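**Student:** Here is what each chain is made of, one letter per residue.
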Amino acid sequence: MANSALSLIDVDAFYGDSHVLEKVSLTCGEGCLLGLLGRNGAGKSTCMNVTVGLLPARRGKVTVFGEDVTKLAPEAISARGVALVPQGRRIFKSLTVRENLIVAARKPTNGGKAAWNLDTVFAMFPRLGERRSQMSAHLSGGEQQMLAIGRALMANPRVLLMDEPSEGLAPQIVAEVMATIRHLKASGLSIVLVEQNPKLVFDIADDIVILNSGQVAVTAPAADLRDGTADLRQHLGVF
Amino acid sequence: MLRYIGFEEARLLAISSFAYGGLLFLLSSGFSLIFGLMRIPNLMHGSFFMLGAYFGVSMLEKGLTTDALKAIPKIGGAFNFLPSFTILPPNFFLIAIISGLLVAGIGALVERYLLRRLNGQELPQVLLTLGLSFVIADLCLMIWTGDPWQPATPAELRGVVQFGTLFFPLYRVAIIGIAVVIAVALWLMVDWTRLGAMIRAGVDDPQIARVCGIKVSQLFTLVFALGAGLAAFGGVVGAPYLSVYPGLDADMLPLALIVVILGGTGSLLGALVGSFLIGLLYNFGQAMVPDLSYVILFLPMLLVLVLRPQGLFGRSIP
Numbered sequence: 001m002a003n004s005a006l007s008l009i010d011v012d013a014f015y016g017d018s019h020v021l022e023k024v025s026l027t028c029g030e031g032c033l034l035g036l037l038g039r040n041g042a043g044k045s046t047c048m049n050v051t052v053g054l055l056p057a058r059r060g061k062v063t064v065f066g067e068d069v070t071k072l073a074p075e076a077i078s079a080r081g082v083a084l085v086p087q088g089r090r091i092f093k094s095l096t097v098r099e100n101l102i103v104a105a106r107k108p109t110n111g112g113k114a115a116w117n118l119d120t121v122f123a124m125f126p127r128l129g130e131r132r133s134q135m136s137a138h139l140s141g142g143e144q145q146m147l148a149i150g151r152a153l154m155a156n157p158r159v160l161l162m163d164e165p166s167e168g169l170a171p172q173i174v175a176e177v178m179a180t181i182r183h184l185k186a187s188g189l190s191i192v193l194v195e196q197n198p199k200l201v202f203d204i205a206d207d208i209v210i211l212n213s214g215q216v217a218v219t220a221p222a223a224d225l226r227d228g229t230a231d232l233r234q235h236l237g238v239f
Numbered sequence: 001m002l003r004y005i006g007f008e009e010a011r012l013l014a015i016s017s018f019a020y021g022g023l024l025f026l027l028s029s030g031f032s033l034i035f036g037l038m039r040i041p042n043l044m045h046g047s048f049f050m051l052g053a054y055f056g057v058s059m060l061e062k063g064l065t066t067d068a069l070k071a072i073p074k075i076g077g078a079f080n081f082l083p084s085f086t087i088l089p090p091n092f093f094l095i096a097i098i099s100g101l102l103v104a105g106i107g108a109l110v111e112r113y114l115l116r117r118l119n120g121q122e123l124p125q126v127l128l129t130l131g132l133s134f135v136i137a138d139l140c141l142m143i144w145t146g147d148p149w150q151p152a153t154p155a156e157l158r159g160v161v162q163f164g165t166l167f168f169p170l171y172r173v174a175i176i177g178i179a180v181v182i183a184v185a186l187w188l189m190v191d192w193t194r195l196g197a198m199i200r201a202g203v204d205d206p207q208i209a210r211v212c213g214i215k216v217s218q219l220f221t222l223v224f225a226l227g228a229g230l231a232a233f234g235g236v237v238g239a240p241y242l243s244v245y246p247g248l249d250a251d252m253l254p255l256a257l258i259v260v261i262l263g264g265t266g267s268l269l270g271a272l273v274g275s276f277l278i279g280l281l282y283n284f285g286q287a288m289v290p291d292l293s294y295v296i297l298f299l300p301m302l303l304v305l306v307l308r309p310q311g312l313f314g315r316s317i318p
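First to last, the sequence lines map onto chains A and B. If you're matching positions, the first sequence starts at 1 in our numbering and goes up one per residue. If you're matching positions, the second sequence starts at 1 in our numbering and goes up one per residue.
Please keep in mind that the hints were generated in silico from the structure rather than gathered at the bench. It should be emphasised that the depicted structure is a prediction, and the values quoted were computed from it without experimental measurement. Cβ atoms here follow ideal geometry from the backbone N, Cα and C, with glycine treated the same way. Be aware that a few hints might be false.
Said to hold, decoys possible - Simulated coverage check for chain B against chain A, where a stretch passes if three residues somewhere in it have a Cβ under 8 Å from a Cβ of chain A: (1) 195–202; (2) 211–219.
What the hints assert, rightly or not - If the Cβ cut is set under 8 Å, some of the chain A residues that face chain B in the computed set are: (3) Val52; (4) Leu55; (5) Ala155.
The whole structure should be built from the sequences, with the hints applied where relevant.
**Tutor:** Structure (structure tokens):
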């Protein structure tokens, strides 16, 4: 297996008194795509929040390319090359499209040439380029999702976390988003893709982790799950 | 009750109004940033204005020399090793800027170590800043006594300036110029720079802004310090005109509140228009209907609160 880009090791996390993650371990290899599946409330977004530093891990640790980032602040974790496309997109609504992108711009962590800047993001999402001076609140849902992805890319991350990027989008827009993810994966980016819909993930993921009630229920290479030998319905609900 | 005024008096009142409005803008632009962007009801904003003014008059009086440093009670002894020389020429605006920087430093400490602990809790923030304003008022009374201080107008800005056939006091015109320059600079910074966009992103969604690598905490300290420094700078610039006296803080704070409520929180254009509007109402009100000058001042605020709570130029607060 390739080197680990992102690992959660035996992570416990709480919201107040409620134990939302229990001994969760998962690993996304360098250049790989990890699909993180589970029902509503299974703890998928919580894993993302722990990774980026918004929710502290009570026990266990989080490593990025081998470096322990468990106790770091969100901005420090960002500086180590982790970017998030948050659930619900959460673009900065009082900023223009262009401003949303430039506030997140960072040089790559390894000091190399920046692969992502305004020009390359606009080349990837021409719609955003056309609307660069518009207030981002006026964008459609699909465009807002493009903007959230573009914003994450502007940081030139090594690990990209995507929390339900297909949520609330029309089927053809979902297809566009999935094509974008394929493209990013092909460019060598390590990606964690959180989804409720396993059909979207099985095709492009290298590995799959399924969470159930805050615990890891299944960890397997995607290829093993694709042929349908394992019965996943108990973990994922019926689609 | 209504006193009529002639053209000549109206002209002087108008220029005074705009100069007063300029001072109010220096005061309330910072208040607008702190209250409108960061949502901190900073009731010590008048104290920053007064403190800056006191720092300024002291430095103008004593000059920026090492001897003046040595003469500071208690801590002055630490500077005894220095030979006697002039650190900086006692230029009025240089001193105004130094006062602004000093008070900006105080503001940064207050934000970082006190207000930061009360993040999002408005009532405790009100009590803390109100309490600190009392502390500062008493300290100022102790250090600068109860006598008013009025520094001389800077020599190069005495006299009058002529526009067409009309003469205007030069210093008041200069205050208006300073206010407009600072208004433009602030507007460019907040609306057109990456720094300004980062501040607005931090206000929009602090959590996601941090995840995007924006150092929200440092930016907020910076904004608070900037607001405090602008008020202090305004305090020095206004000193030859308003003088400095105990209670100046309590006189200025309500004016900052009215300006920001009238203009709209978080809107710099609103703060500018509101400042000039209040400057006009205050000066003409006192001259024409002295009995009702405070009614005239507060009535527009009341109307705005009832009819357009977001203010004349404010975005509606979600």
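**Student:** Name the hints, by number, that the structure is in violation of.
**Tutor:** 4
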